[in-house]
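> Chain residues, written in single-letter form:
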Amino acid sequence: MRQEKTAGFEPVVVAYCCTYCAYTAGDLAGSMRLEYAPEVRVVKIPCTGKVDAALLLRALEDGADAVYVAGCAAGDCHFREGNLRGKEAVAYAKKLIAEIGLDPERLEFFHIPASAGPLFAERANEMTARVLRLGPNPLRQTRSQPAGRKLVREPDPHPPLPQTKSGCLIREAKRGTEPVEPIKKEAKQ
Amino acid sequence: MIVAERKSLERIEAMIEGMQKVLVVGCGTCVAVCLTGGEKEVELLAAQLRMKGKLEGHPRTIDEITVTRQCDREYLEQLIKHVAEYDALLSMACGAGVQFLAEYFGDQIVLPAVNTLFIGAAEGAGVWTQKCAACADCLLDQTGGICPMTICTKNLLNGPCGGTQHGKCEVDGDKDCAWTLIYRKLEKIGALDRMRIIQPPKNYRPMTKPGRYVHEAYQAAKKE
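Top to bottom, those sequences are chains A and B. For what it's worth, the numbering used here labels the leading residue of the first sequence as 1493, then goes sequentially. For what it's worth, the numbering used here labels the leading residue of the second sequence as 44, then goes sequentially.
Hints in this document: simulated from the structure, not taken from any laboratory. Careful, some of the hints might be misleading.
What the hints assert, rightly or not - Partner residues are not named here, just some residues of chain B that face chain A (Cβ under 7 Å, in silico):
| hint | residue |
| --- | --- |
| 1 | 87 |
| 2 | 97 |
| 3 | 102 |
| 4 | 105 |
| 5 | 124 |
| 6 | 126 |
| 7 | 128 |
| 8 | 258 |
| 9 | 259 |
To be verified - Subject to a maximum C-alpha distance of 27 Å in a straight line, what follows is the list of computed BS3-like cross-link-like pairs (lysine-lysine):
| hint | chain 1 | residue 1 | chain 2 | residue 2 |
| --- | --- | --- | --- | --- |
| 10 | B | 245 | B | 218 |
| 11 | B | 228 | A | 1642 |
| 12 | B | 231 | B | 218 |
| 13 | A | 1542 | A | 1642 |
| 14 | B | 245 | B | 228 |
| 15 | B | 50 | A | 1586 |
| 16 | B | 231 | A | 1587 |
| 17 | A | 1587 | B | 83 |
| 18 | B | 252 | B | 228 |
| 19 | B | 95 | A | 1586 |
| 20 | B | 231 | A | 1586 |
| 21 | A | 1536 | A | 1586 |
| 22 | A | 1587 | A | 1642 |
| 23 | B | 245 | A | 1579 |
| 24 | B | 64 | B | 124 |
| 25 | B | 64 | A | 1642 |
| 26 | B | 83 | A | 1536 |
| 27 | B | 97 | A | 1586 |
| 28 | B | 228 | B | 197 |
| 29 | B | 97 | B | 174 |
| 30 | A | 1579 | B | 218 |
| 31 | B | 50 | A | 1587 |
| 32 | B | 174 | B | 228 |
Said to hold, decoys possible - If you want the footprint, here are the derived chain A segments under chain B, 3+ residues with CB under 8 Å:
| hint | region |
| --- | --- |
| 33 | 1519-1526 |
| 34 | 1626-1638 |
Backbone N, C-alpha and C define an ideal beta-carbon position, used for all residues, glycine too.
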């Protein structure tokens, strides 16, 4: 079920897939010999709870045409509620890119259970079809133009808790199991 | 902790209009905890501004850096070697941080990217409520740890007023009546007799702005 390509447009779709569900579903799709859009670049992540809006914006800034996050079914997260956090992050990032005039449809969250190989292929095709409809990411042409970066910060000269050079902080000190003998004062003669 | 919210992108855009090089400066303390101006939020705003500039055909340089605190001189020192080359510094700290940055770099344009809201506490993930009005004369010992200066809409020190309605405030039905909360708390800790204490009129003199405080340990040194 390949989509028709528009002339000269090779979409780049990034898929952040949870290792427990969506990534396993991708494996299953492979075992089932299901064909899905080759434009999708799968990135394996430990949990969709790790995804934050900055990661999604970074992918779009670097020229990805669409980014989606695929996590476990609701209530099935290996880490209890990571998928819900991932979903929140995607919703927030959608709002942020809408503010700057990028189509929020370029971001999406999907629930893909580990057993759903066909669903994995379906979502990959769906997202690629969406990108072909939306056209290339307007930022892609200018991605190599420098526009700023994160400045390297020197190590904090005054960290909140400095590391001691000799000995250790009291709260890190090892405690002996034997009770400490009180210091006996010698009786004055 | 000081709670703040980010200004709208339109406001921020209007402030930096026509500028070619801007440094977004984050603050790693209060505003980082309330998810408004820490390292991640700086990254988000800088990415938004960079992308918006490119999309609208006026590319500009938006760099980013986050210091531990913007309200302490020793952390601002780290910025000295960077700031000269920028048209403006866009601070994501609270009002104190913005002003301190503007004061420290006297010949630089310093702009605020957030609105400072209040001193508050985290109620849950992403929710903060005001807890302290910084009235400089704490009477929480009298009121079971619930602040009538902050929670009571009318700042009543001798409440409740006639407008309390089943534990809610007459000014805003969504808000709890501070004095109902105080009564219930005092009841729990067996100190209901404190309700009978009549508080004298509030002394607002310590709240006179701008406040200034010299720690006792430093007072003698300052005199010398």
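> Decide, hint by hint, whether the structure agrees.
Each hint tested on the structure:
Residue-level restraint check for residue 87 of chain B holds (minimum Cβ-Cβ distance to chain A is 6 Å; threshold 7 Å). With a least beta-carbon distance of about 5 Å to chain A, the hint placing residue 97 of chain B at the interface is held under the 7 Å criterion. For residue 102 of chain B, the interface hint holds, the least distance from its beta-carbon to any beta-carbon of chain A being 6 Å, beneath 7 Å. For residue 105 of chain B, the shortest C-beta to C-beta distance to chain A is roughly 4 Å, which falls under 7 Å, so the interface hint holds.
Restraint check, residue 124 of chain B versus chain A: the minimum CB separation of about 9 Å is more than 7 Å; hint violated. The beta carbon of residue 126 of chain B comes no nearer than 10 Å to any beta carbon in chain A, farther than 7 Å, and the hint placing it at the interface is violated. Checking residue 128 of chain B against chain A by beta carbon gives a least distance of about 11 Å; that is not within 7 Å, so the hint is violated. Checking residue 258 of chain B against chain A by beta carbon gives a least distance of about 18 Å; that is not within 7 Å, so the hint is violated.
Given hint, residue 259 of chain B at the interface with chain A, is violated; its Cβ is 23 Å from that chain's nearest Cβ, farther than 7 Å. Restraint check for residue 245 of chain B and residue 218 of chain B: satisfied, since their Cα atoms lie roughly 23 Å apart, inside the 27 Å limit. Between residue 228 of chain B and residue 1642 of chain A the alpha-carbon distance is near 49 Å, which puts this suggested pair outside the 27 Å criterion. Note on residue 231 of chain B and residue 218 of chain B: the hinted pairing holds, with a Cα-Cα distance of about 21 Å set against a maximum of 27 Å.
Only pairs whose Cα atoms come within 27 Å are accepted, and residue 1542 of chain A paired with residue 1642 of chain A is accepted, the gap being roughly 21 Å. Between residue 245 of chain B and residue 228 of chain B, the direct Cα distance comes to roughly 22 Å. Compliance with the 27 Å bound is thereby established for this hinted pair. Between the alpha carbons of residue 50 of chain B and residue 1586 of chain A the distance comes to roughly 18 Å, so the proposed pair stays at or under 27 Å and holds. This hinted pair does not check out: residue 231 of chain B and residue 1587 of chain A have alpha carbons roughly 45 Å apart, beyond 27 Å.
Distance check on the hinted pair: residue 1587 of chain A and residue 83 of chain B sit about 16 Å apart at the alpha-carbon level, within 27 Å; holds. Taken as a hint, the residue 252 of chain B and residue 228 of chain B pair is broken in the structure, with Cα atoms around 33 Å apart against an allowance of 27 Å. Between residue 95 of chain B and residue 1586 of chain A the CA atoms are separated by roughly 14 Å; this keeps the pair inside 27 Å, and the hint holds. Our distance criterion of 27 Å between C-alpha atoms is broken by residue 231 of chain B and residue 1586 of chain A, whose separation comes to about 47 Å.
Between residue 1536 of chain A and residue 1586 of chain A the alpha-carbon distance is near 21 Å, which keeps this suggested pair within the 27 Å criterion. The suggested pairing of residue 1587 of chain A with residue 1642 of chain A holds, with an alpha-carbon distance near 23 Å, which does not exceed 27 Å. A threshold of 27 Å between alpha carbons decides the hint, and for residue 245 of chain B with residue 1579 of chain A the separation of about 48 Å lies outside it, so the pair is violated. A threshold of 27 Å between alpha carbons decides the hint, and for residue 64 of chain B with residue 124 of chain B the separation of about 15 Å falls inside it, so the pair holds.
In summary, the hint linking residue 64 of chain B to residue 1642 of chain A is supported, as the alpha carbons are separated by about 13 Å, within the 27 Å threshold. A threshold of 27 Å between alpha carbons decides the hint, and for residue 83 of chain B with residue 1536 of chain A the separation of about 22 Å falls inside it, so the pair holds. For the given pair, residue 97 of chain B sits about 18 Å from residue 1586 of chain A by alpha-carbon distance, which is consistent with the 27 Å threshold. For a cut-off of 27 Å, the pair hint linking residue 228 of chain B to residue 197 of chain B stands: about 20 Å separates their Cα positions.
With a C-alpha separation of about 42 Å, the suggested pairing of residue 97 of chain B with residue 174 of chain B is violated against the 27 Å cut-off. Annotation: proposed proximity of residue 1579 of chain A to residue 218 of chain B is violated, straight-line Cα distance about 30 Å (limit 27 Å). Pair hint residue 50 of chain B plus residue 1587 of chain A holds up; C-alpha atoms about 14 Å apart against a cutoff of 27 Å. Taking the CA atoms of residue 174 of chain B and residue 228 of chain B, the gap is near 16 Å; set against the 27 Å cutoff, the hint holds.
Here's how the region 1519-1526 of chain A fares: 0 of its residues keep a CB closer than 8 Å to some CB of chain B, so the rule of at least three is not met and the hint is violated. Coverage of the region 1626-1638 of chain A by chain B holds [criterion: at least 3 residues with CB-CB distance below 8 Å; count 5].
Consistency with the previously given hints fails for numbers 5, 6, 7, 8, 9, 11, 16, 18, 20, 23, 29, 30, 33, ordered from lowest to highest.
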